[in-house]
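Peer 1: Residues per chain are reported as follows:
Number of protein chains: 2
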Amino acid sequence: MADARAPIFEKVALIGLGLIGSSIARGARAYGAATRIAASDASEQVCARVRELGIADETTADLAQTVTGADLVILCVPVGACGEVARVIAPHLSPGAILSDVGSVKGAIVAQVAPHVPASAHFIPAHPIAGTEYSGPDAGFATLFQNRWCILTPQDGFDGEAVRKLSAFWTRLGANVETMSATHHDLVLAVTSHLPHLIAYNIVGTAADLEEVTQSEVIKFSASGFRDFTRIAASDPTMWRDIFLNNKDAVLEMLGRFDEDLTALRRMIRTGDGDGLFALFTRTRAIRRSIIEQGQDTAAPDFGRSAPREE
Amino acid sequence: MADARAPIFEKVALIGLGLIGSSIARGARAYGAATRIAASDASEQVCARVRELGIADETTADLAQTVTGADLVILCVPVGACGEVARVIAPHLSPGAILSDVGSVKGAIVAQVAPHVPASAHFIPAHPIAGTEYSGPDAGFATLFQNRWCILTPQDGFDGEAVRKLSAFWTRLGANVETMSATHHDLVLAVTSHLPHLIAYNIVGTAADLEEVTQSEVIKFSASGFRDFTRIAASDPTMWRDIFLNNKDAVLEMLGRFDEDLTALRRMIRTGDGDGLFALFTRTRAIRRSIIEQGQDTAAPDFGRSAPREE
Chain A
1 MADARAPIFE KVALIGLGLI GSSIARGARA YGAATRIAAS DASEQVCARV RELGIADETT
61 ADLAQTVTGA DLVILCVPVG ACGEVARVIA PHLSPGAILS DVGSVKGAIV AQVAPHVPAS
121 AHFIPAHPIA GTEYSGPDAG FATLFQNRWC ILTPQDGFDG EAVRKLSAFW TRLGANVETM
181 SATHHDLVLA VTSHLPHLIA YNIVGTAADL EEVTQSEVIK FSASGFRDFT RIAASDPTMW
241 RDIFLNNKDA VLEMLGRFDE DLTALRRMIR TGDGDGLFAL FTRTRAIRRS IIEQGQDTAA
301 PDFGRSAPRE E
Chain B
1 MADARAPIFE KVALIGLGLI GSSIARGARA YGAATRIAAS DASEQVCARV RELGIADETT
61 ADLAQTVTGA DLVILCVPVG ACGEVARVIA PHLSPGAILS DVGSVKGAIV AQVAPHVPAS
121 AHFIPAHPIA GTEYSGPDAG FATLFQNRWC ILTPQDGFDG EAVRKLSAFW TRLGANVETM
181 SATHHDLVLA VTSHLPHLIA YNIVGTAADL EEVTQSEVIK FSASGFRDFT RIAASDPTMW
241 RDIFLNNKDA VLEMLGRFDE DLTALRRMIR TGDGDGLFAL FTRTRAIRRS IIEQGQDTAA
301 PDFGRSAPRE E
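Chains A and B, in that order, are what the protein sequence lines are.
For the first sequence, the UniProt record's numbering begins at 1 and goes up steadily by one.
For the second sequence, the UniProt record's numbering begins at 1 and goes up steadily by one.
Take these hints with a grain of salt, some might be off.
Calculated pairs, EDC-like style, for lysine to aspartate or glutamate (alpha carbon to alpha carbon, straight line, at most 20 Å) [stated by the list, open to error]:
(1) B:LYS165 <-> B:GLU178
(2) A:LYS220 <-> B:GLU178
(3) A:LYS220 <-> B:ASP275
(4) B:LYS220 <-> A:GLU178
(5) A:LYS165 <-> A:GLU178
Since the hints were made in silico from the structure, they are not lab data.
None of these values were measured; they are calculated from a predicted model.
Please model the entire structure based on the sequences and the hints provided.
Peer 2: Quick look at the structure:
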């Protein structure tokens, strides 16, 4: 029986050392998921910082060198950059290597990356659902994926040795692995992630543009609800631009539903339909309870942002 | 020079012992803001619980008895109930007593309460901007108002002895006090609080009603953005029904602006305007920074809901 702590991959190559890439590097080392970690980033500044942090065994801007000999290569660059990186590294992938990514959309990634992947390699798109509103190699940490979901969307079916190995890697980093089709992934994420971000970006933009209420008042009194939106509206602009451009159909579909519901809600307010409002607000409260029960958030009031409790 | 810890009021009467009322009771005692605290709640069950908790010096369902002899009376009931409570207690208010409230809307409160207030009492509407998504006397805590804003909307001008005393009371409980007109308050809160709650209620409702994505998937993958909305969509349904019914005009006005901006954003996605999206997402990030700088939220990534950081 194999040692539970035996490395799952010999050489893991990470392309892009932002929040996610640097967290994978830290996690893979902390939990012994890889014998060796090679890192590459298009920015020389990021490469230098990764060397200073010492979170990889080799760090270079040279993509070919980074992926050579790797049995797992993970693209941790913005969605819009994956196709070009795949094109460059494809000739250097080892036979049998697994190529994966961490992008928040999967259909567009498949369309952009798959054409470049040689038949000798296994392409398994992945999406670890974890993150903070910070970016860059300093923002990462080893426990980022603990108790978070990682969705795999293998094109060739949901079993097979390559899928099992990649699944074992993410499990070692603390994630719970789920598999589904790329299309279903994009619909699920459109509602759980992309629409919420879109709405948050929009409301923060609206609040910033008002004439009757100053920006300083909005900031001052933000604790009354607004600030909950500003955290996700502070997420990386490049990453989110790419997500909306690459999951357009599902996002516009979900936005259409949101809009229909908002029209109904607006009518309830205008006509003074207190019972209708009360019924909706009671229903939404139950969903919050389920999220807490399933450990996807804490029940601590106000997320511990209030002053410490003491009587 | 008076002792800084001398009580500010002799007898503070609190009507309604939910999250806010019970936090005022605890805070007033913890920081010595009142010599005596009298509590009243329409629910006998709540009264019994308040007696068990021992957070007031006298607790009764009898409103007249509670306010008799009080130099400060605070209505901590839902906005829609303030008018009726004011009518009942008005004949029992002591000469010179200050009558205040904690409602999230101010124009409607003035319209409902002011007609009942005798000329011998001072009516100063107030709104402490603090709370959690929990309700009831057990949910309160003494430090709830620490470093939070409390807005006073006095009708007779922003100075005078009564305003100074009420201001001192809230300052003693740890709040920062600001004064403005009731009309301006309602506009500011419509954007910083009421619109965010409306949007959060709506998106949680939309997500619950989808056919293509199951409710269990929405809950499972909520960490990707959705859960940030569920906290505020779990707020007290009665309280929020009353807020929307009582600040209708300002809410519908802000919702109109939000809708215009959303139409523009939707067009950017449909036409693939990456530069437009990037510009908006960069602008909203700056507002988040200001909120953190002003201490209205912590910079801790993900509000500390991730597993603890360790390398």
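Peer 1: Taking only the CA atoms, is the gap from A:LYS165 to A:GLU178 under or equal to 20 Å?
Peer 2: 14 Å, holds
Peer 1: Decide if the proposed pair is consistent with the structure: B:LYS165 and B:GLU178, CA atoms, cutoff 20 Å inclusive.
Peer 2: 14 Å, holds
Peer 1: Would you mind confirming whether the straight-line C-alpha gap from A:LYS220 to B:GLU178 stays at or under 20 Å?
Peer 2: Within the cut-off at roughly 11 Å; holds.
Peer 1: Is A:LYS220 within 20 Å of B:ASP275, Cα to Cα?
Peer 2: 30 Å, violated
Peer 1: Are the Cα positions of B:LYS220 and A:GLU178 separated by 20 Å at most?
Peer 2: Status holds; Cα separation ~11 Å.
In this structure, the one hint that does not hold is number 3.
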